[in-house]
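> The lines below spell out each chain.
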Amino acid sequence: MSALWSNLATPRPRLQDGGVFVFQEDFFVIVIQCVDNRNGTLFHGRRQSRDRLLRLHILAALAGRKLWMNSYSFRQFQQDLPPGQAVCVDEDFLAKAGWGEVCFVEGLPLTPWLNRIEQLILYRWNRDYPADTVLDLRLDAISWVLKCREEFPGSSHPVITKEVYLHETL
Amino acid sequence: MKLCKKILLPVFLVCCILLSGCPDGNQPSAATLEEIPAYSGSPYVILADNEPDFSPEDMVTDSFESYSPLDLLGRCGVAVANIGVDLMPVEDRESISDVTPSGWVNREYDGQYLYNRCHLIGFQLTGENANEENLITGTRYMNVEGMLPFENLVADYVQETENHVLYRVTPIFEGSELVARGVQMEALSVEDGGEGVCFNVYVYNVQPGITIDYATGESWEEEQPPASGDSADDPGTSSEPDGNTTYILNTNSHKFHNTDCPGAANMSEKNKETYTGSRQDLIDQGYTPCGQCNP
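Taken in order, these protein sequences are the chains called A and B.
Mapping the first sequence onto numbering that gives the first Met the number 0, position 51 (from 1) lands on 50, and the numbers just tick up by one.
Mapping the second sequence onto numbering that gives the first Met the number 0, position 211 (from 1) lands on 210, and the numbers just tick up by one.
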């Protein structure tokens, strides 16, 4: 399940201006976001949905990686955290997460961080909800490549679909 | 327990509603049609900054449900409930076709009926079947595009948290018309003071392309707009001469995709099915469009 994440085991060299390869260890975070059938994320500043089995799925897939989120998201995760799981709660977590670390995002704009996001993991609720905030990335753009998709049952959602996108231009 | 609440709480609530009807009472302010903008393409509009009109005394942690008696014209009134897991259905929905809501003059357009017997409080929330005080004449569009997403939001919240959600649906009629112009939907999660669920919206009882006589329930097709030809130009869909389109179905997740969608390519063969027909038929069968290729 987390095989793709292991691709980030070591910093990748990037070609800088002037033809010099450098390691940018503060780049490349993994973003997780949940969306409905229309890529909606929030309504009236509140998450559209939640699912206990999905949270456990995410925590199990972390395999020890540090998880970043804001305090709003932390309130739904705190009761499920296994002992020893590293979690950083910060309102500015997308700016602070380090290389290869995982950011659980609920409705925050991702476009400003486009050049930091190496992987986007979408969990689709497969349901319609009202939305006034939607995912602000165009996944049909050529730079996003769907690498895998899997389905599993949630606790209140019959089928949750996980999609892993790689940001190929990074 | 649910039966007891079903008997006693409605009596209590009706008393409250009658009392609150006094001039100095604490009656919630239902939306009036004067404050509702004309339908302009979205199935709902937000009212009062999305804040429902419940009072602190309403914030109780006992489940209940209450429906207004039909008025002299046979029309439904406000339905209110405090949704908890103990109210939610544990059995499949039964037939509701014996109920004839006010203004029920159903017509078929393009092979689809215009109206649904539309639950004020959705079946998934309180498990009400053929309750005439909870069923109105509502368009397919209002039911599926307008009300269902809000019902899903509330149902999932209650199931996941086992908290309660105060929930009120008010059909809005103009004068003595038999078909509601729309419904006001209000909801507020109780135990967390609205952090989980909080909305106040008006959902339009309209069907794009159809004109409704709300006084009687009669309806007719609007003048056909000129065809845009968009779908025929879409390289991801395969259009047949008769206007049908070919999609790839996922029979497990009940999503449908354009034929060139990467999601369709990665789909397990056992869940994959090719379908040629109308998009609306697929939606009516419970399929939802893929969020990636937007078929």
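Careful: at least some of the hints might be erroneous.
Stated by the list, open to error - Using 27 Å as the maximum straight-line C-alpha spacing, the simulated DSSO-like pairs for lysine-lysine come out as follows:
#: 1; chain 1: A; residue 1: K65; chain 2: A; residue 2: K146
#: 2; chain 1: A; residue 1: K95; chain 2: A; residue 2: K65
#: 3; chain 1: A; residue 1: K95; chain 2: A; residue 2: K161
#: 4; chain 1: B; residue 1: K271; chain 2: A; residue 2: K161
#: 5; chain 1: B; residue 1: K269; chain 2: A; residue 2: K146
#: 6; chain 1: A; residue 1: K95; chain 2: B; residue 2: K271
#: 7; chain 1: A; residue 1: K161; chain 2: A; residue 2: K65
#: 8; chain 1: A; residue 1: K161; chain 2: A; residue 2: K146
#: 9; chain 1: A; residue 1: K146; chain 2: B; residue 2: K271
Since the hints were made in silico from the structure, they are not lab data.
> Taken at face value, is the distance from the CA of K65 of chain A to the CA of K161 of chain A at most 27 Å?
Holds, at roughly 20 Å.
> Tell me if the straight-line CA distance from K95 of chain A to K271 of chain B falls inside 27 Å.
violated (42 Å)
> For a C-alpha distance cap of 27 Å, please report whether K271 of chain B and K161 of chain A respect it.
holds (17 Å)
> For the pair supplied as a hint, K95 of chain A and K65 of chain A, confirm whether the alpha-carbon distance does not exceed 27 Å.
holds (12 Å)
> Check the hint pairing K65 of chain A with K146 of chain A against an upper bound of 27 Å on the C-alpha distance.
holds (23 Å)
> Taking only the CA atoms, is the gap from K146 of chain A to K271 of chain B under or equal to 27 Å?
Cα-Cα ~18 Å, so holds.
> Going straight from one Cα to the other, do K161 of chain A and K146 of chain A come out at no more than 27 Å?
holds (11 Å)
> So if I understand the rule, the pair passes when the alpha-carbon distance is 27 Å or less; does K95 of chain A with K161 of chain A pass?
holds (25 Å)
> Take a quick look at whether K269 of chain B and K146 of chain A sit within 27 Å of each other, Cα to Cα.
Status holds; Cα separation ~20 Å.
Violation of the numbered hints given earlier is confined to hint 6; every other hint is satisfied by the structure.
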